[in-house]
Amino acid sequence: DTGVSQDPRHKITKRGQNVTFRCDPISEHNRLYWYRQTLGQGPEFLTYFQNEAQLEKSRLLSDRFSAERPKGSFSTLEIQRTEQGDSAMYLCASSRAVGGESDEQYFGPGTRLTVT
Amino acid sequence: LAKTTQPISMDSYEGQEVNITCSHNNIATNDYITWYQQFPSQGPRFIIQGYKTKVTNEVASLFIPADRKSSTLSLPRVSLSDTAVYYCLGTGTYKYIFGTGTRLKVLA
Chain L
1 DTGVSQDPRH
11 KITKRGQNVT
21 FRCDPISEHN
31 RLYWYRQTLG
41 QGPEFLTYFQ
51 NEAQLEKSRL
61 LSDRFSAERP
71 KGSFSTLEIQ
81 RTEQGDSAMY
91 LCASSRAVGG
101 ESDEQYFGPG
111 TRLTVT
Chain G
117 LAKTTQPISM
127 DSYEGQEVNI
137 TCSHNNIATN
147 DYITWYQQFP
157 SQGPRFIIQG
167 YKTKVTNEVA
177 SLFIPADRKS
187 STLSLPRVSL
197 SDTAVYYCLG
207 TGTYKYIFGT
217 GTRLKVLA
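Sequence order for the protein chains is L and G. What the first sequence shows, in this note's numbering, is residues 1 to 116, in sequence order. What the second sequence shows, in this note's numbering, is residues 117 to 224, in sequence order.
Hint data in this document are derived by calculation from the structure and do not stem from the laboratory. All residues carry an ideal CB built from backbone N, CA and C; glycine is no exception. Fair warning: there could be bad hints in the mix.
[To be verified] Label pairs and their calculated CB-CB ranges:
id : chain 1 : residue 1 : chain 2 : residue 2 : range
1  : L       : G16       : G       : R193      : 50 to 58 Å
2  : L       : A53       : G       : N146      : 19 to 27 Å
3  : G       : T137      : L       : T2        : 20 to 28 Å
[As the list claims (entries may be wrong)] Simulated coverage check for chain L against chain G, where a stretch passes if three residues somewhere in it have a Cβ under 8 Å from a Cβ of chain G:
id : region
4  : 14-20
5  : 25-32
6  : 104-110
Take these sequences, add in the hints, and give me the full structure.
See the structure below:
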């Protein structure tokens, strides 16, 4: 399977704990995105990498959130000192940059985080 | 602030053609219009993308008028399995803003 994969699929944690999610993009894709989605809402952009460089980060992303893509392949999203408001589906997407602004994103299945 | 506007929900019957319109008055010159489909507990799935005029693939058609201030996703002969949320967004400046989408419910 050459789709985007995410691990874990589900995570339950207690408030105040740190969690880390992993995303493996489609192998030839150089762009990688993280989104957060809560019930009834569309995906909310968190951050974006082109290769290993983090090019954009949402203003909504607090300092408790950090993302890395060290070798331009897989990426990790860490949330420190989790809060109940962090409970959401965390989606990863990847795309292959081409000329112009066309950008078809392929999404993974998501990691559902529940903070108790 | 969302850069696109869509109806919140639509109902249709199996076998009908469904048209979902999206307004994007502030679309940038370089932006493409992209539509995604999302089923519950899954990530969005790319449906179709266009810049202007008409684009058709095996799943849908996309109509974009000359002024590019709106676009219409057309789903021919929908089935129950097309029940999902549909999002339009501009790729480029506003590529990250999904909005709340249009919840399409297909009835038997």
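Consistency of the hints with the structure:
| no. | hint | result |
| --- | --- | --- |
| 1 | L:G16 with G:R193: 50 to 58 Å | holds, 52 Å |
| 2 | L:A53 with G:N146: 19 to 27 Å | holds, 21 Å |
| 3 | G:T137 with L:T2: 20 to 28 Å | violated, 34 Å |
| 4 | 14-20 | violated (count 0) |
| 5 | 25-32 | violated (count 0) |
| 6 | 104-110 | holds (count 7) |
Comparing the model with each numbered hint stated earlier shows that hints 3, 4 and 5 do not hold.
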